[in-house]
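Chain A is already provided as a structure; the job is to place chain B on it using the hints.
If you want the building blocks of each chain, they are given just below.
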Amino acid sequence: MSNPVRVALLGSTTTEFIGRCLCDQLTSEMMTASDYHADYGRWFQESLFPSQAFHDFQPNVIYLHCPNLWERVPTHSNPEAACEELLESLVVAWQSLRTHFPEALIIQENFPDLGLRPFGFSNRGPIWGHARALARLNERLLEVADKKGNTLVHDASSICTRLGASHYFDSRRYFLFKVFESDFATSVLSHSLARLIVSHYRGPKKLLLVDLDNTLWGGEIGEIGVEGIELGPDTPTGEAFAAFQSYLRYLSKHGVVLGAVSKNDPQTALQGLTHPHSILHREDFAVFKAGWQPKADYIKEACTELRLSPDSCVFIDDSTFERAEVRARLPMVAVPELGEVEEFVSRLDELNYFGGSSATTAEDLGRTELYRMEGLRQAEVGKHATYMDFLKSLNARVKIEEVTEQNLTRVHQLVQKTNQFNMNGKRLSEQQILEILSKPGSWGVQAELSDKFGNAGKVSAVIMELTDRVYKVRSWVMSCRVLQRGLEWALLRVMLSICRERGVALQLENVDTSKNGRFREFLSAIPGFDPELDRFCLSYDTEITDYPIIVDHPESVVSNHESVCP
Amino acid sequence: MNQSVLDEVAKAVREVTRCAPSVAIGPETTATDVPGWDSLAHVTILAKVEKRFGVRLSLAEIRGLKTVDDLVRVVTLKSRNGI
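Line order of the protein sequences matches chains A and B.
When you line the first sequence up against our numbering, it's residues 1 to 566, in that order.
When you line the second sequence up against our numbering, it's residues 1001 to 1083, in that order.
Hint data in this document are derived by calculation from the structure and do not stem from the laboratory.
Misleading hints may appear alongside valid ones.
What the hints assert, rightly or not - Residues from chain B shown here face chain A by an in silico Cβ test under 8 Å; the list is partial: (1) 1039; (2) 1040; (3) 1043; (4) 1047; (5) 1055; (6) 1065.
As the list claims (entries may be wrong) - List time: in silico EDC-like cross-link candidates among lysine to aspartate or glutamate, alpha-carbon distance up to 16 Å: (7) 1051(B) - 369(A); (8) 253(A) - 84(A); (9) 1048(B) - 183(A); (10) 1066(B) - 1038(B); (11) 515(A) - 311(A); (12) 426(A) - 465(A); (13) 472(A) - 509(A); (14) 178(A) - 1038(B); (15) 1011(B) - 1069(B).
Claimed, not checked - Calculated from the model, a selection of chain A residues having no Cβ within reach of chain B, i.e. all distances over 12 Å: (16) 79; (17) 182; (18) 324.
Since this is a predicted model, take the numbers as computed values, not measurements.
From the three backbone atoms N, C-alpha and C, an ideal C-beta is built for every residue, glycine too.
Only chain A is shown next, with the shape it has when bound in the complex (with noise of 0.2 Å):
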């Protein structure tokens, strides 16, 4: 069980019964939920002036439902202003509830399209009508959220659309108990939401590893060949799979780490991945295991190579023996009911294990690349003698550079999703890292490491704060991808420098948040350290291991050179 999560929810239309069944969701994905509702409609007063039931509930998660608020936006005279006014008691209500609870997370809902057309379907509405004010209200929401910034937006309006808004809105209820969705939308939209919430904490998964007979293609292809296999547009079914693999490619390029795992002859089952109407091909797979090895011996070497952990790993198989077998022997490992292939994608699709609560970065894009470099890195361990005559032969450098507003995007997501090598767990808000940055000698780098196979990306971020005597770490977070290449041992030194400048120690955190079990690794191996303390002060002057790292900063970050680059 992980820490409780306490929602509160503001809304002005009822929310018991989102609340309800938010909490059931959230307790089925073994996490201890409790609600809090503000007093009917009052979602506005409670977010500026909080009561003190409300203060009292320590919320971490608030939630603010107002789906008919938009009602008076196409009817006003001025529908621009009244949009623009909607917005903005929106915004302020944000920040109120960010200065009261600044832990929390703020999850703002969209507002769903009920589909009223006054004049009818077409695109000769006027130009305020209830289409396009939706659309824009909507469109306007995201700009405004991103650039406030710490304020999630739940897509409501999607799940709407989705369902169809006659099975989405009860008017019934609606009209009699001022309860906006029907118990069937409710219950989708709480799904979505504990989604959404779950992996804000837990991070979103990050590999999908695809069976490949009858999941990427129909057929078996160790018996009726590459020609036999069905796939592309010469078959209804053959559609569909083409279909279901434009989605993992889209997946793919956005993100999420691709894997086959497959039961065949390595050759045959490569072979697919050529076939004129493949949309997949080799490069789109970080990993590709194929054998006759049960699937949980590949799924746990996927996951050791590729260095992710097996609770981030989503695997699909059409074989109802291979799921259970992955479930009995690796329970942490998400194994979904896609049911036939015509419905894969819209049900892989409804379970959102991809969704985040930060946005997409320039890293996302290219990920299985990255993943594809490190297996080739891996290859090249064992011609060397010793790890570290390995990790000069990389020709490693970092380059730093200082976390400012601009360049927040990365670094939030960083701290937002990385779990293994992460000092204490704590998802600090874009906000809350500009806000420790905006103190006197605070201190935020981001760090990008590139070898000789490529660009690994920017993929460790430090956010420390000066106090009296010390600098107190933050947060600091290293993607997983480059544990045991000395990054964060060159970073420790950075940091000394830093420290030695000014004449203070680094402290940091000694937090087990049950997952970051390689971030406690590192720390037990630095010189002096003390498993017995919460706090962990280090000298600048301690000695620390060299790593064959070149250091590349602007002048900024460090005015001591001499003592970061070896």
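Positioned in the frame of chain A, the structure of chain B alone reads:
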């Protein structure tokens, strides 16, 4: 009075409000007689009864409900007519 409908309605009320077994639920019972029968419980009781009998009450019909018997009558009538 349709006893089987009454029994189902009483069952739904007990399940949702979790009232003590000593609280009697009969045709003349109103929401104020049953601890826990508030507006939120009312929504859930109606949803359960509608689902059990495959009927859907209109807004006006729900507003007209005063006693358990009112609910039993409208459900009996609607389920007999298949609406």
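Now the hints, each set against the structure:
Given the 8 Å rule on beta carbons, the hint for residue 1039(B) holds: about 6 Å separates it from the nearest Cβ of chain A. Interface restraint check: residue 1040(B) against chain A, minimum CB-CB distance 5 Å, threshold 8 Å, status holds. For residue 1043(B), the shortest C-beta to C-beta distance to chain A is roughly 5 Å, which falls under 8 Å, so the interface hint holds. For residue 1047(B), the shortest C-beta to C-beta distance to chain A is roughly 6 Å, which falls under 8 Å, so the interface hint holds.
A least Cβ separation of about 13 Å between residue 1055(B) and chain A goes past the 8 Å threshold, and the interface hint is therefore violated. A cut of 8 Å between beta carbons decides the hint on residue 1065(B): the least distance to chain A is about 11 Å, and the hint is violated. This hinted pair does not check out: residue 1051(B) and residue 369(A) have alpha carbons roughly 52 Å apart, beyond 16 Å. Proximity of residue 253(A) to residue 84(A) is assessed by CA-CA distance (about 35 Å); at most 16 Å being required, the pair is judged violated.
The straight-line distance between the Cα atoms of residue 1048(B) and residue 183(A) is roughly 11 Å, inside the 16 Å bound, and the hint therefore holds. With a CA separation close to 13 Å, the supplied pair residue 1066(B) and residue 1038(B) stays within the 16 Å bound. Proximity of residue 515(A) to residue 311(A) is assessed by CA-CA distance (about 10 Å); at most 16 Å being required, the pair is judged to hold. With a C-alpha separation of about 15 Å, the suggested pair residue 426(A) and residue 465(A) falls inside the 16 Å cut-off, and the hint holds.
Taking the CA atoms of residue 472(A) and residue 509(A), the gap is near 9 Å; set against the 16 Å cutoff, the hint holds. For the suggested pair residue 178(A) and residue 1038(B), the alpha carbons sit about 14 Å apart, so the restraint of at most 16 Å is met. In summary, the hint linking residue 1011(B) to residue 1069(B) is supported, as the alpha carbons are separated by about 14 Å, within the 16 Å threshold. Its beta-carbon lying about 29 Å from the closest one in chain B, residue 79(A) satisfies the requirement of being farther than 12 Å from that chain.
For residue 182(A), the shortest C-beta to C-beta distance to chain B comes to about 10 Å, within the 12 Å cut-off, and the non-interface label is violated. Once the 12 Å rule is applied to beta carbons, residue 324(A) is consistent with being away from chain B; the minimum gap is 33 Å.
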